[in-house]
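Peer 1: Below, each chain spelled out in residue letters.
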Amino acid sequence: MQRWRTLRFDFQAMASPCSIQLDGQDEPAMRHAAAQAIAEVQRIEHKYSRYREDSIVSRINQSAGGAAVDVDAETADLLVFADSLWHLSDGLFDITSGVLRRAWDFRAARLPEPVALQSLLTGVGWDKVERKGSTVRLLQAGMELDFGGFGKEYAADRAAAVLHGHGMRHALVNLGGDLHALGARALPGLQDTAWQIEIQHPRPDTASGKSSLAVLALQQGGLATSGDYERFFIHDGRRYCHVLNPRTGWPVTHWQSVSVLAANTTTAGALTTIAMLKEADALDWLNTQGVRYLAMRHDGQLLQH
Amino acid sequence: MSTHNTPPTQSAGGVLLASLILPGLATLVAIAPTSAAAETAPEKSTIAVKYGRYSDSQPGWDRIKATAPQVYVQAPIAGDWSIEASAVADNVSGATPYAHTQRSGASGGGKIGMSDERRAGDVKITRHMARSALSASVAYSTEHDYKSTAVGLDARWSTEDNNRTWALGVGASSDTIDNTASGINTAINEHKNTHEIMGGVTQVLTPTDIVQFNLTRGVGSGYFNDPYKSYDLRPNQRDTWIALARWNHYLEPFDASLRTSYRYYDDTFGVQSHTVGLDWVQPVGKLTVTPGMRYYSQTAANFYFDPVLTAQGQYDALGTLMRVVGLKGFKSADQRLAAFGAVTLSMKVAYAITPDTVVDLKVETYRQSADLYLSGKGSPGLDPFNAQFVQIGLTHRF
Chain G
1 MQRWRTLRFD FQAMASPCSI QLDGQDEPAM RHAAAQAIAE VQRIEHKYSR YREDSIVSRI
61 NQSAGGAAVD VDAETADLLV FADSLWHLSD GLFDITSGVL RRAWDFRAAR LPEPVALQSL
121 LTGVGWDKVE RKGSTVRLLQ AGMELDFGGF GKEYAADRAA AVLHGHGMRH ALVNLGGDLH
181 ALGARALPGL QDTAWQIEIQ HPRPDTASGK SSLAVLALQQ GGLATSGDYE RFFIHDGRRY
241 CHVLNPRTGW PVTHWQSVSV LAANTTTAGA LTTIAMLKEA DALDWLNTQG VRYLAMRHDG
301 QLLQH
Chain E
1001 MSTHNTPPTQ SAGGVLLASL ILPGLATLVA IAPTSAAAET APEKSTIAVK YGRYSDSQPG
1061 WDRIKATAPQ VYVQAPIAGD WSIEASAVAD NVSGATPYAH TQRSGASGGG KIGMSDERRA
1121 GDVKITRHMA RSALSASVAY STEHDYKSTA VGLDARWSTE DNNRTWALGV GASSDTIDNT
1181 ASGINTAINE HKNTHEIMGG VTQVLTPTDI VQFNLTRGVG SGYFNDPYKS YDLRPNQRDT
1241 WIALARWNHY LEPFDASLRT SYRYYDDTFG VQSHTVGLDW VQPVGKLTVT PGMRYYSQTA
1301 ANFYFDPVLT AQGQYDALGT LMRVVGLKGF KSADQRLAAF GAVTLSMKVA YAITPDTVVD
1361 LKVETYRQSA DLYLSGKGSP GLDPFNAQFV QIGLTHRF
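Residue numbers (our numbering), protein chains in the order written: chain G, 1 to 305; chain E, 1001 to 1398.
One chain only, chain G, in its complex shape (with noise of 0.2 angstroms):
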């Protein structure tokens, strides 16, 4: 048998910094699921951009308040997963609510128009979305759906699933922070220890350039985290950060920085993206969930699970 050896695979994909990492002994066979896993990934954001004019994304937003669109069963499935979220989270995590970052321009540090914010959540709701079989149809003209909430984490994900199809049985999948692991390490002398992931801190100190809040061993299923210092703004010393409320259109303050370990990244990603809008309710509502967090209040009290 050939001697045991690790091999990582950096990309870029999703406008994120990608690696997949693997521990085994057939390099060509670690290499083959690699390449695969990594077609696999650029396949989800390929259909699911909302950049691009023929994703399935933009044939459901160009039709808003006009025909219903006939859909594929992994779009289906992944909207009836939003549905699920949508329901679970009380109606806050909503994949129609992409379209209140037009109200907030991040770049000038502005503060929106009330005016602007309240007709853009007239088009906010996943109540007035209508599905039907295979179809979808939002009901309201310039209504959007954006799966960006979850397709970096569904990827990640589909990623790992490949790499299982192909044998491997020792790898870590991380799509810009977002991860999952797919069985312990496996070098000599590192048998059956985990990964060791480093938690990103939400206020890196710059003068002794600590820049991470605490590191996770993981060794099996998803880790996602979720923060106010991926985009924001300081104005009058008030931090409006990217993550809006699909109520208010306004940014959530509570936490500075949510990170949860769950059995595969879809999960974690939803549960921490949730968390960040629940705010003050977040924990009793993690809590249900039966899963592990680390996270970091506004005045910066760290509570774990």
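Derived from the structure by calculation, the hints contain no laboratory data.
Some clues are possibly wrong.
Here are the computed distance ranges between Cβ atoms for each label pair [unchecked claim]:
| hint | chain 1 | residue 1 | chain 2 | residue 2 | range |
| --- | --- | --- | --- | --- | --- |
| 1 | G | His-235 | E | Tyr-1140 | 40 to 50 angstroms |
| 2 | G | Gln-140 | E | Val-1284 | 28 to 38 angstroms |
| 3 | E | Leu-1327 | G | Arg-102 | 50 to 60 angstroms |
| 4 | E | Gly-1222 | G | Pro-28 | 27 to 37 angstroms |
| 5 | G | Arg-59 | E | Thr-1142 | 23 to 33 angstroms |
| 6 | G | Glu-113 | E | Glu-1252 | 21 to 31 angstroms |
| 7 | E | Tyr-1140 | G | Asp-72 | 30 to 40 angstroms |
| 8 | G | Arg-59 | E | Lys-1229 | 23 to 33 angstroms |
| 9 | E | Val-1284 | G | Arg-102 | 23 to 33 angstroms |
What the simulated footprint calls covered on chain G by chain E, stretch by stretch (three residues with Cβ under 8 angstroms from a Cβ of chain E suffice, anywhere in the stretch; the number is not a length) [unchecked claim]:
| hint | region |
| --- | --- |
| 10 | 58-69 |
| 11 | 73-83 |
| 12 | 123-136 |
Counterexamples of contact, computed for chain G against chain E with all Cβ distances above 12 angstroms [unchecked claim]:
| hint | residue |
| --- | --- |
| 13 | Glu-113 |
| 14 | Val-115 |
| 15 | Gln-118 |
| 16 | Ser-119 |
| 17 | Ala-141 |
| 18 | Gly-142 |
| 19 | Leu-187 |
| 20 | Ala-262 |
| 21 | Ala-263 |
| 22 | Gln-289 |
Virtual Cβ for every residue (Gly too), placed ideally from N, Cα, C.
Following the hints, position chain E against chain G.
Peer 2: Below, chain E without anything else, positioned relative to chain G:
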């Protein structure tokens, strides 16, 4: 809202159960030892947290850590959460790190834009061994008038005590320049090939001193002209040497760090340059002050031609043209091939007004001119170039 008035669909682990409808995800969960039960976290991934204290006794050393060849240490860590362990983390989880993203401007907000904008092709593969690592990379990029393919191999290995790290890298690139598509036709199916080899060593000398030395040799042949400039004809061979030395020293009496660097560059166009950099990192209570300076000087390429100036020192376009037409052999008026010097002065101050509010200010001033050339006058007729850079940051927790 409280958990009491949530819909009845919310069962324990409801989101996980909902996700299992997605293709392939049920299989993955089934192989997880803890399955879809309430306790979904991996068995061995317990959580314990230490935070808030940076135990490094040498503040200001972050820079050298970032620039030194990165050793991939895979020592297993017993504890699950640890601040110090960040250096051996396999990966980073955070909101999308835009700072490391090549093109991130596409989405105007939202969790993450699913963007098509990506580099044409760029894959790097790294194989890690106990004390060493080997990487291979392939990159391909294309523009309307430029195609480039590059491959690289890097190896690095460290000694038993981790005090010394060796690095070796080789790279090759092949470019095609063709502007017939834009109708200019000054470069038709032109090619350029370069090969590079780099060797380096980083050594921890004492607990307060780290030094690094890198030497890079490059050999290039083919088309080096600027196809958009008139009278630009350069040799079809450009070989380079680059030597880089750094020394970072922690001064215990001052609780400060001194970072120094020197870079020497030499090529067969006749360009030689020297760059010296100095930074002083001084923490003073809640304040960290970092003054820095950088000096750069380069000689002109052998074939760089000076413009003709009038008696008043003005640029004489006709006179220059007459001179150029009479020039035999290689020639270029590219200012980047002229003799000049440059100085950058910088000052960064970070201050914690309250424990919750930190302000930092960085001011940088850059001046490039012929007068700053190392041995007296540089190329005549060059316009001095000045730039100022001010950055103010405010971090407030509330």
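Peer 1: If you test the structure against every hint from before, which numbers come out violated?
Peer 2: 2, 6, 8, 9, 10, 12, 19, 20, 21 and 22
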